[in-house]
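Residue numbers (our numbering), protein chains in the order written: chain A, 1 to 249; chain B, 250 to 874; chain C, 875 to 973.
These are computed hints drawn from the structure, not numbers from a lab.
For every residue, glycine included, the Cβ atom is placed at its ideal position computed from N, Cα and C.
Certain hints may be false.
[What the hints assert, rightly or not] Among chain B residues calculated to face chain A with C-beta under 8 angstroms, some are:
id : residue
1  : LEU270
2  : ARG851
3  : VAL852
4  : ARG853
5  : SER854
6  : LEU857
7  : ALA867
8  : ALA868
9  : ILE869
10 : VAL871
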Amino acid sequence: MISPILFWTIAVITVIPSLSLLFARKAVHVAMAVVLVMVGLAVAYVALEAPFLGVVQIVVYTGAVMMLFLFVLMLVGVDERESLKETITGQRWIALALAIGVAALLISVVSRVAFGEPATAKTGGPVEVAPLLFGNYVLVVETLGFLLITAAVGALVLTHVPRLFPRRTQREVQAARVAAGANPVNKTFPGVYATHNALDAPALDPEGNPIEESVSRVLKVRHQTTDGIEFKDENRSRRRELGAKEGDA
Amino acid sequence: MLSVSWLLIALPLVSFFGLMLAGRRADAWGHWAGVGVSGATAVIGIIAFFEMVGRSASDRSESVRLFTWFSGGEFKLDAGLLLDPLSLTFVLLITVVGTLIHVYSVAYMAHDPRRRMFFAYLNLFIGAMLLLVTADSYLLLFVGWEGVGLASYLLIGFWNHKPEYATAANKAFVVNRVGDIGLILAMGLMFAHFGSVSFVDVFAASDGASVAVLTAIGLMLLLAAAGKSAQFPLQSWLGDAMAGPTPVSALIHAATMVTAGVYLIVRSGVIYDGAPDARLVVAIVGALTLVIGAIIGSAKDDIKKALAASTMSQIGYMMLAAGLGPIGYAFAIFHLVTHGFFKAGMFLGAGSVMHGMNDQVDMRRFGALRSAMAITWITFGFGWLAILGVPPFSGYWSKDKIIEAAFVGEGWQPWVFGLTALIGAGITAFYMSRLFFMTFHGKARWTDEQHPHESSLLMTVPMMILAAGSALLGAIMGVGNRFQNWLEPVTGTHGHEEPVLSVPVLTTLTLVLVAAGVALAYWMYLRKPVPIEPPTGSLATIAARNDLFQDSVNRAVFQVPGTHLARTLVYADAAIVDGAVNKQATGVAMFGEASRRFQSGRVRSYALLMMLGFVVIAAILVMGG
Amino acid sequence: MSPINFVYLASVLFAIGAAAVLLRRNAIIAFMGVELMLNAANLALVAFSRMHGALEGQIMAFFVMVVAAAEVVVGLAIIIAVFRSRQTISLDEPTELKG
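Let the sequences and hints guide you as you build the complete structure.
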């Protein structure tokens, strides 16, 4: 049997967040609340001797489905505050009445049935579930595989945006760059030295002078760059030590 | 011969189709073919008659089954012929008189380009009429009934290039149709209550049937007979039917078709035996028509219309006789046969007069024709004497017996019917003598172009034969009650009952009234000159000239309300029936408009509706289950 | 406590999810309501499985999870496609089916 405290905890952490579905203004809040509901349900599954299902609930629902929801929310507008004013007359009251009616209906039906004592629990771990899943119901599993493939393809098809212009090849990009008179080559990267490979040190040109463009403008604006001279001097002393002649490249 | 008696019907019908389809190339000999076919039927009829005479009285009924006609569900009917004394009497009358009139028509219609079609229609008529009188079921009789109606329409409107003639044909057909409703209803009643419409079954079943049913059937049959025989109240078409050529008037509207109603009543005697009230109505109708015809005939100046009114009146006598019950049946048929001969003879004579007077029909323009057309005068005279009932001419034998039978009975009936018949005989004598004197005697009142001459042999010989029949047939049939005995198997025996006034008294009274009528006509139309323009006359004369306003009555009582009813029904059909359908469509459209509001296009409203539906259904399932 | 109480909890969660679908205008929040309903069904299945002592309920809940995942994929793809053409994810915006 399940302890009452456990049950009521599960009840609270599923029902209260799900109410945000009705009352929250921002969609992200709603998504977060639903994640909490999913976790609560996973706990419930484990409490009901279905650990396999509980883990699958976390992995699939919380991990995949809700993340999908969040991604799409990001895409379509995460900032939208929805006004809770109802536009269709009567919708609110009839909907509430119907929801309460459905709950009452279901509860009344279930409460009328006389159930015997719950049978001895069989833990629904992977070892116990596997023979059933791949034995009796293997066809269903295979069909579900097809279903998932179809869903994936369907998502691709539905969101496919036909190309309006032909893709710009690299040749075109380069030609446009030269025609505009810009530097055909990329900018130099920041300097990489033996003692320092952060992005704030400039690179050295063949004369040994630092190249100002190689450090990000942002760092320069923030005065977070280091002077390249020290690396230039250090470079020279190092080279003398190693026996390089003066003036050697 | 009796077993092949279906030839009687088949031959004329084949001839009808043949003459119709043969086209112009048959114009040279078509009329002779028609005459030949009619003669053949006469020969067959006579042979069949002698065959039947040769049998003993109890054996005189031959049923010839032709083919299975209807056999489906509850209604089974075989088409067959019933040959018994009654039907053979009619067969003889139709074929003999018909053949004579065929011969007459060869000369009468000699100048008509459509003579071939005339004979085709005449043959059609003969075939249909023979079918009518030999049928063994009411339905087959009805086929013949309709056939003669069709032939009558075609023949009345033969000269339909004149619109009033075509209208007359329409009128005849429509009024007949009203009567046909009676026959159809009667057949329906028979089928509903007796399960069959053949004579055998109906007469057997009418023994145990209720009086109400039999009375209803009897009244419906009377309606049919009144339509076909031009009895009150369906008598308005007979006068207009004179628009047809005179042979048509002679054959159809004097001798045969108009007697079909009497045949129907007499054949259905068994039904009337069980419905005395219906029988009384038959007698009343006959008596009424008798008087109406006589009054109208007294004022008509058109010779054919006067003869038509006379026909109406004489058939009234026959109806009256048939309405008196078994004692009158035989006399009704007797008078029918004699009337057929003398009336047809008089019509042919009128045709001969018209032929000689350039198709003039106004009797005020005749006069002193007896010297110019002697044979016509003599043959017409025989007919005149016969219809007056002067012994020993045939009319005396038949009409006097009817007057005697009318005076039989108890209470008011014998007095009313008998006196009506008696006085009718007097009026008949008056107007027939008026006709005869105006036409053949007195001063000549001809117009300048008219040169009356006697007609050719082809016309006079039939007239002579018919005149001989008018003279002798009555005696041949009446002596020793020969005709009654011949008809007994059909009409049933009857005891001889005494009339309320004794027979010698009646005979004397009749002759006195007849003489008075002749004398009155003599004084009015022979002694005094006949004015060429009809004088204004009394109210009664005006009414009689206008057919007792029968057309105005029909118009006011039937046509105008009928038209209003039809218009109301059309309006009701458009407004109510169509309106209901249209309103339904509009309702559906309005419902659609209202339901449209649900399609708001908003997803959340749809979701709400789905949820609502789910909760409602689930609740019902939970509560109910 | 008997596992039946989890079924009652599942009913309540289902009702809340249904209300969210009907009441919220943001398409993604409504979709999350749908996910909540599916999870409530899963909870009920697992609770019944515990009561019967059989693992079939858990298997079925597993299948529901897989299908729900597939559904989320396609559903979010649709929302993105709609957003690209209309620049809004309000559920009150599209009214093309208005009769």
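* Which of the numbered hints above does this structure break? -> Hint check: 1, 3, 9 fail, others pass.
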